[in-house]
Structures are given as structure tokens and as C-alpha cells.
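2 protein chains.
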Amino acid sequence: MDPRDRVAPEDSTRKFLRALFNAALAAADPYKAIAPALPATVPGRTVVVGAGKASAAMARAFEQLWPGKLEGLVVTRRGHAVPCERIEIVEASHPVPDAAGQESARRILDLARGLGPDDQLVFLVSGGGSALLALPAPGLTLEDKQAVTRALLRSGATIGEINTVRKHLSAIKGGRLAAAAALGKPRARVVTLAISDVPGDDPAVIASGPTVPDPSTFADARAVLAKYRIDEPEAVIAHLQAAEDETPKPGDPVFADARYTLIASPQQALAAAADAAQAAGVTPIVLSDRIEGEARDIGLMHAAIAVQLREGRLRVGARSVKLPAVLLSGGETTVTVRGPGRGGRNSEFLLSLAAALNGAPGIAAIACDTDGIDGTEDNAGAILLPDSIARAATRGVAIKTAMAENDAWGFFDALGDLVVTGPTLTNVNDFRAILVLP
Amino acid sequence: MDPRDRVAPEDSTRKFLRALFNAALAAADPYKAIAPALPATVPGRTVVVGAGKASAAMARAFEQLWPGKLEGLVVTRRGHAVPCERIEIVEASHPVPDAAGQESARRILDLARGLGPDDQLVFLVSGGGSALLALPAPGLTLEDKQAVTRALLRSGATIGEINTVRKHLSAIKGGRLAAAAALGKPRARVVTLAISDVPGDDPAVIASGPTVPDPSTFADARAVLAKYRIDEPEAVIAHLQAAEDETPKPGDPVFADARYTLIASPQQALAAAADAAQAAGVTPIVLSDRIEGEARDIGLMHAAIAVQLREGRLRVGARSVKLPAVLLSGGETTVTVRGPGRGGRNSEFLLSLAAALNGAPGIAAIACDTDGIDGTEDNAGAILLPDSIARAATRGVAIKTAMAENDAWGFFDALGDLVVTGPTLTNVNDFRAILVLP
Chain A
-9 MDPRDRVAPE DSTRKFLRAL FNAALAAADP YKAIAPALPA TVPGRTVVVG
41 AGKASAAMAR AFEQLWPGKL EGLVVTRRGH AVPCERIEIV EASHPVPDAA
91 GQESARRILD LARGLGPDDQ LVFLVSGGGS ALLALPAPGL TLEDKQAVTR
141 ALLRSGATIG EINTVRKHLS AIKGGRLAAA AALGKPRARV VTLAISDVPG
191 DDPAVIASGP TVPDPSTFAD ARAVLAKYRI DEPEAVIAHL QAAEDETPKP
241 GDPVFADARY TLIASPQQAL AAAADAAQAA GVTPIVLSDR IEGEARDIGL
291 MHAAIAVQLR EGRLRVGARS VKLPAVLLSG GETTVTVRGP GRGGRNSEFL
341 LSLAAALNGA PGIAAIACDT DGIDGTEDNA GAILLPDSIA RAATRGVAIK
391 TAMAENDAWG FFDALGDLVV TGPTLTNVND FRAILVLP
Chain B
-9 MDPRDRVAPE DSTRKFLRAL FNAALAAADP YKAIAPALPA TVPGRTVVVG
41 AGKASAAMAR AFEQLWPGKL EGLVVTRRGH AVPCERIEIV EASHPVPDAA
91 GQESARRILD LARGLGPDDQ LVFLVSGGGS ALLALPAPGL TLEDKQAVTR
141 ALLRSGATIG EINTVRKHLS AIKGGRLAAA AALGKPRARV VTLAISDVPG
191 DDPAVIASGP TVPDPSTFAD ARAVLAKYRI DEPEAVIAHL QAAEDETPKP
241 GDPVFADARY TLIASPQQAL AAAADAAQAA GVTPIVLSDR IEGEARDIGL
291 MHAAIAVQLR EGRLRVGARS VKLPAVLLSG GETTVTVRGP GRGGRNSEFL
341 LSLAAALNGA PGIAAIACDT DGIDGTEDNA GAILLPDSIA RAATRGVAIK
391 TAMAENDAWG FFDALGDLVV TGPTLTNVND FRAILVLP
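Chains as they are written, first to last, in the numbering used here: chain A, -9 to 428; chain B, -9 to 428.
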């Protein structure tokens, strides 16, 4: 038997942290989230389209809940498909777009253009939809978009910045899908059901907002590339300079019959975890649902707050927060990769937290991507315990080396403390919980 | 009359934020802090020595409070001297050591070595003491130490890391001053009164701990240089490799008659600001006294928490924190300089906060160095208001340019929102307050 499988005294801590994560995931479950938000039926066709890591699961839930006829096409990330009976599910590549996503986007746009006055378009959108629904604007190739997406991902740009660029290189994003559905007279109804994975839940940012107004401009997109000193491919630069066919802005009549409902969000997931903690007698502190920034620095600040809490000095009003307590936060950090190691932003965050806490007693944490995949590995995230650094050292893994090589995955894998869920079929972005015991 | 001098509607917000900062400064006032911590008199000599930005003010307070005879020598930063009658005050350079600091350190060490059994050494230490009390170990020059200090400051190393290196290049730090005072038989008493400016208030870190045990080793110092890829000057590398004359460690008899008292700290300063807020009907939230990390990322996370608070969603236990409220934090951020502009870490933090909040209503902030000097400029820090970005734009200052050029000083100077106090004669590190109105 592998020693890491033995029952350890820390197992109740691990279980509690996993339970908080599970509570967050349950709050973002597509079936539970769609049921109360189901649109009314229409005399004509109901065409269901969608894109995102959660969108196949949303399509299945919609099929099961919908009382009438429907048809449709939804694109999801490879490994995130679920069997549907009436809606076609296509798997495509994420985070770098591929031909399957491109073909799906073209067909979705055609479905929208074919709608008449009595029809409705139901758009099931979730995080990841931006990369999955890639359809280059005329004159651009998928390779052009791939190149600039890769450069942006490498540069440490925020997801908002990446999407500002993508919307202006796309034939479907930034409200253009709604515009396609508005060709009939009177125009078809557009119902968007969204699971948010973006800080602040801005509808224009989730999957780059194919059915909502786009306040960003060609000039904004150019500014993002300038900020990160990206000056190729040439066709992309030329397209952004030409600035033809701007995205539809707020107030545009194409949105007159469009309705948008946020059915699950990071905030709701954090609230569910907070409720679960409270029910277990642990005081929840919900810091924020939208923390951005370099994962390591965000780890340092979480460590500083956790130590303050542990010392009984996290004061709110006249009193300090009582222990046990748990710090909860969400959002999307970034990682500037410097080493050759493996790992995503949540395990990188946790590695930095570990180094800063340096074995401080009474503090344990979980950090996971709610889509089940932290970066490019097969884990959702990891769990940190007070003895993690010491245990890793006994297995020949030094935290300093893991930090220097960006090998958070290797560090937590050596401990047997990766959290592996497989694709969760939903996505409300990062989930972090830091438990502080008396 | 300069338009920026007119009374603006935001003036009550500015005044409130300044009042919180003043409350923090008052809690760190040397006179108030030393009075309750005065040591007992001894039959022999009382020799007062010290180093730090607050140490001249501490020396004056000590003189005024001390009932018996005394003599001594204290070194402080240029511009931080105050007139003393019996203790000699020397001004030296900070953060890069100079010959004046070196000569003072040598004389302080000689004073300690000359103490007999009936004497006591009173060491008045505060932040900045590490650079001011520079005495190279045998075989090293001041230029060697200056070169490595500059390289570390540029590289973004933490103050703790910088001091680990400095202690192992020094003839006085890392407990060596206490060792010098312990040459008599029986040894002289050593009383340290400390104003902390370091995260966690570790006595071994404040001014690199001349009178306390040093848990760090030559190997740790080598690891810091390796981490930041610093491989010169050659004499420094050779000295760290030779690893001769290790600093005295915990349990060493040289500390048997040494007493250490923390008389002011970041935590106490934050608590005083929290009390002032509470008295004004504003709920204080003390996040942490020891936040480290890149100023921009720390700004992003503070922005995310402030927005959560503003939305009424910063939940603690079953309820959300009521507005108005104020987020308080301390510590010491770092800035990786990329542009040619001016500004210290507190104004850089505030610039990042401004960009992230992007004019969000109801949120205003102050960030200052409690020593009165934020980096290399003449300001302690600055104040941010919801309209700061818009007002700067009307004066031809774009926040994007200020960010790209690391010109936080120029941005807030254009607004007339620099906070200028001059040297405060104390130092409990960074002070940040973010006011969130309903």
C-alpha cells in the first residue's frame, strides 16, 4: 500500500475542504441552475445553440426540462461532452481554437440567420466559449487568431483583455450572433442563459458576449496588443487598424428582443461554500469573487490575511473574527511562466501560499478550477496542509525548486494532494478556501 | 489661485483618510511608546546606542524620560535627526549605506565592547537601521555591500531576504552587537527597545537584529543571491562561500542578559486607525499587518475586496459587513521597476488600485509610508478618489501612461493628491486604508 493512501490525522481537514469545493460545484450545476430560468415556448422553432465548458451539460439539462420541440447545436471543450438526444454536441479545442470550433461557429451563425419572426434562439453560454466559438472575421484565418491568442496567454494578459482582442477579430462575438438572429422582420427572440466564469460577471465578457452589446472598440483591442508588445501576425494588426464593421454597441436595435439571465456565478458558488462552512460551525469570510493578478502575489496576500486571522487579529468592527474560520475567494489569477514545470494557476497559487506560510500551524487550504482542469494538467487543483513542505522534503521535493521551476503540479503530486475530479461540466472559475483553526 | 487648492466636495473624504493615517502615526510616536517601556537604572554607565529612521526621535524621548546619567551615539537617516543634549546623533545615508553609517557602526561596536559588569547598553532600533548600521565584515568593503544591496533592491527581493544577506556581510548585525556587549564578566545588560517596520515584527529582521539571535545562515544568504541571480561582487560571493564566523544562534550565552521590547508596530498602528474609524461610525476591517508582494498585484486584490464590500457582499459569518466601512492593511510591498517614472511602492499600489477600480463610485483610498518618504520622492504617499482618473485626464495625464512608465508620483502630483508630511520620525512601514461608502 502506498504510504500516501493511509488514513492520516489530516484527513478530516482534507474532507472539509473538499466538501466546501463540492458545495461550490453543486451551486453551479447546470440542471439546478437552468430549471428556474426556462424561457416561455414560442409558436415557431426553438433553436438551441451554445458554447462553453459547461454548455453540453446545459444542453442536456435544457432538453430534459423543455416541454416542446427543439433542435440545435452546441460546442464544448474536448472531454466535456455529454450525450444529448435532440441537440447536436460538437467537441472542439480549448484554450487554442481549432477547425471544429470554427465549423461549429459558422453553423451556429447560419442557424441564427435562418430564424423567422415566430422563432427563438436559446444561447447556452459558459466559460471557455470564447475559444470554442472561434470564427475569424473576413480576411483573417484561424491560424492568425490562434497565434495572437497564444501570445496573449503567454504574456499574462487578463481574460478581459484577451476577449477584447478576440471580439474584434471575430465574425460571431461581441453581439454579432444577436445581430444574425435579428435579420427577420419582426426579429426572432434571443434568450441567453449564462454560467459566468469571469470577474464581475460582465455579460459582454462571458464567452466574449455573442448576444450582448459590446462596449469595447477596435482602439481598445489595439491598446491591449500595444500593452503586451504583440505586433504580429500582420493580418491581425492590419484588421485592427482598418477597424471596419465595429461590433454592435449598447442601445443597438438588434438587442431589442434579447433577454439575458445569469443562472450561475462565482459569487453564488462562494455563497454556497460559505453556507456549508457556517453549517459546520466554521465562520465564513467571503473576500471577493473577482480576484485577478499574478497567482504568486495573490498567494502572498492570502497568506498575510490567514496569519492575521490565525493570530485572532482579523478585526471587523469592534471584534476579531472567531476561529475556526475560512477565507473564501474566487476570480481568475494569471501565471507568468518562468520555469519548465507543470501546473495551473490554482496549484501555483497554493505553492506560493505554502512558501509564505512555511508550515504555519492551523492553516490549510484548497484551490481549484471549478471546471475540473487547472491549466493543462488533469487535476482541478490541490490541497495544502501545514506539513506539506516537510512531507514533500521527505520525498525529495524541495519547495524552492518547485517555485523556481513553476512545478506546482509536481509538488502536490508527490504529496498525493492533487484534487482530481475530471471535467465537472460547469465553470465558475477559481475557487479558494483557506481554513484557519484555533 | 491654483484650481487644485479650491475646496472640493471630496475634501471630507480626504480629511477622513488623512485622520486615519494620523491616528496610525500617533500610535507609533516614539515618546508615547518609550515611556511605559523605560528600563531600570543600573549602578554603572547607561550607554544609549541606536540606528533607524525613528532612532533620533527615540533618543530624544529617552533623554527626556531617563532619570539618571547617560551617554551615547545614535545613527539616523539624513533629514531624520532631531536635536539631543546628551546623545550624539549622526546622520547617514539610506537605503544605500555610506561612510558616515560605517564610522558610526564602528564607534557603536566600540562603546559596546567597553562596557563592564555594572553597565547597560540601551539599543534604540527602528526600520532603516539595517542600511544605517553598515559595518562590513573583515575582508569586505562598504562598496561591496552597497553593490549587493543595490542589486537586491532592484531585483524585487523582500526586506527579509535583503537582511539575511546583509547579516552575513556584517560585523555588527545578526546578534554581533550583543556579543560585543557580552565581553565583560559578568556581562553587561542589553536592553533593546524596538519600533518594528517588518512584516511579523520578527526581532531578528528589524534592522537585521544586532542584539538578537540570528536563525539564518550563510547558506540562506547564498540561496537569496542565487534566487535573484546575483553573482557579484566577487568578494561578497567569496565571503559567503567561506562562511567563517557564523552569527550567534538562539540559545547562545551572549543573549543571557539581553531583554527585547517591541514598543510600536504596524499592528498597533492599524489598531489605532481602526479605533479612529470606529469612533467616526465607519466599520474597520483590519486585513493584515504584513502584506508583501508586487505592489500592482496587491493593488488588484485590494480592489477586488473593496468592490465586494461596496456590493454589500463581503460576508463575515451570516451577515455582510455594513457600509460605510474601511479596509486597513500594512506590510511592505515591492515594485519591479519597468519604466523611467518617479514614485514609491505606496503610490504604485494606489495607481494599480485606481486602474482596477476605474472610477468605481464610493471607493476612496490612502496609501503612505509611515516614515513619511515613499521611495525616493518627498511624499509619504497619495490619496485616491473615485474621480482621480477623470481629473488626471483633464490635466493631460493618462493612467495607462503612468502605469507603463511607473510614474505614480507624476499621476498623483498632477492631481494635487500627494500626501506630504516630511520625515515623521517614526516608521511602522506601509499604511493603507480604503474607504467604502454606501
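What the hints contain is simulated information worked out from the structure, not anything from laboratory work. Owing to the predicted nature of the structure, the values given are computational and were not obtained by experimental measurement. The beta carbon of each residue, even a glycine, is placed where N, CA and C say it ideally should be. Any given hint could be a false lead.
What the hints assert, rightly or not - Chain B is nowhere near these chain A residues, computed Cβ spacing over 12 Å in every case:
id, residue
1, Gly106
2, Asp109
3, Gly129
4, Thr131
5, Gln136
6, Arg140
7, Arg144
8, Leu277
9, Glu282
10, Glu284
11, Ala380
12, Arg381
As the list claims (entries may be wrong) - Listed next, the in silico EDC-like pairs over lysine to aspartate or glutamate satisfying Cα-Cα at most 20 Å (straight line):
id, chain 1, residue 1, chain 2, residue 2
13, B, Lys175, B, Asp221
14, A, Lys217, B, Asp221
15, A, Lys390, B, Asp221
16, B, Lys217, A, Glu395
Now for the hints, and whether the structure bears them out:
1. Chain B leaves A:Gly106 outside its interface by the beta-carbon criterion, the shortest separation being 41 Å against a cut-off of 12 Å.
2. Against the 12 Å criterion, A:Asp109 stays outside the reach of chain B, whose nearest CB is about 37 Å from its own CB.
3. Every C-beta of chain B lies more than 12 Å from that of A:Gly129, the closest at about 29 Å, which supports listing it as non-interface.
4. The Cβ of A:Thr131 lies farther than 12 Å from every Cβ of chain B, with a closest approach of about 30 Å, so its non-interface assignment holds.
5. Its beta-carbon lying about 27 Å from the closest one in chain B, A:Gln136 satisfies the requirement of being farther than 12 Å from that chain.
6. The claim that A:Arg140 is not at the interface with chain B holds, since no C-beta of that chain comes within 12 Å of its own (minimum 23 Å).
7. At the 12 Å boundary, the C-beta of A:Arg144 stays outside the reach of chain B, the nearest C-beta of that chain being 17 Å off.
8. The claim that A:Leu277 lies off the interface is violated: its Cβ sits roughly 5 Å from the closest Cβ of chain B, which falls inside the 12 Å cut-off.
9. A cut-off of 12 Å between C-beta atoms contradicts the statement that A:Glu282 is not in contact with chain B; the least separation is 5 Å.
10. Its beta-carbon lying about 5 Å from the closest one in chain B, A:Glu284 breaks the requirement of being farther than 12 Å from that chain.
11. Against chain B, the non-interface label of A:Ala380 holds: every CB pair exceeds 12 Å, the least being about 17 Å.
12. Look at A:Arg381: its CB is around 21 Å from the nearest CB on chain B, clear of 12 Å, so calling it non-interface holds up.
13. Pair hint B:Lys175 plus B:Asp221 does not hold up; C-alpha atoms about 42 Å apart against a cutoff of 20 Å.
14. A distance of roughly 32 Å separates the Cα atoms of A:Lys217 and B:Asp221; the hinted pair therefore is violated under the 20 Å criterion.
15. Between the alpha carbons of A:Lys390 and B:Asp221 the distance comes to roughly 19 Å, so the proposed pair stays at or under 20 Å and holds.
16. About 12 Å separates the Cα atoms of B:Lys217 and A:Glu395, which keeps this hinted pair within 20 Å; it holds.
Consistency note: the structure conflicts with the earlier hints numbered 8, 9, 10, 13, 14.
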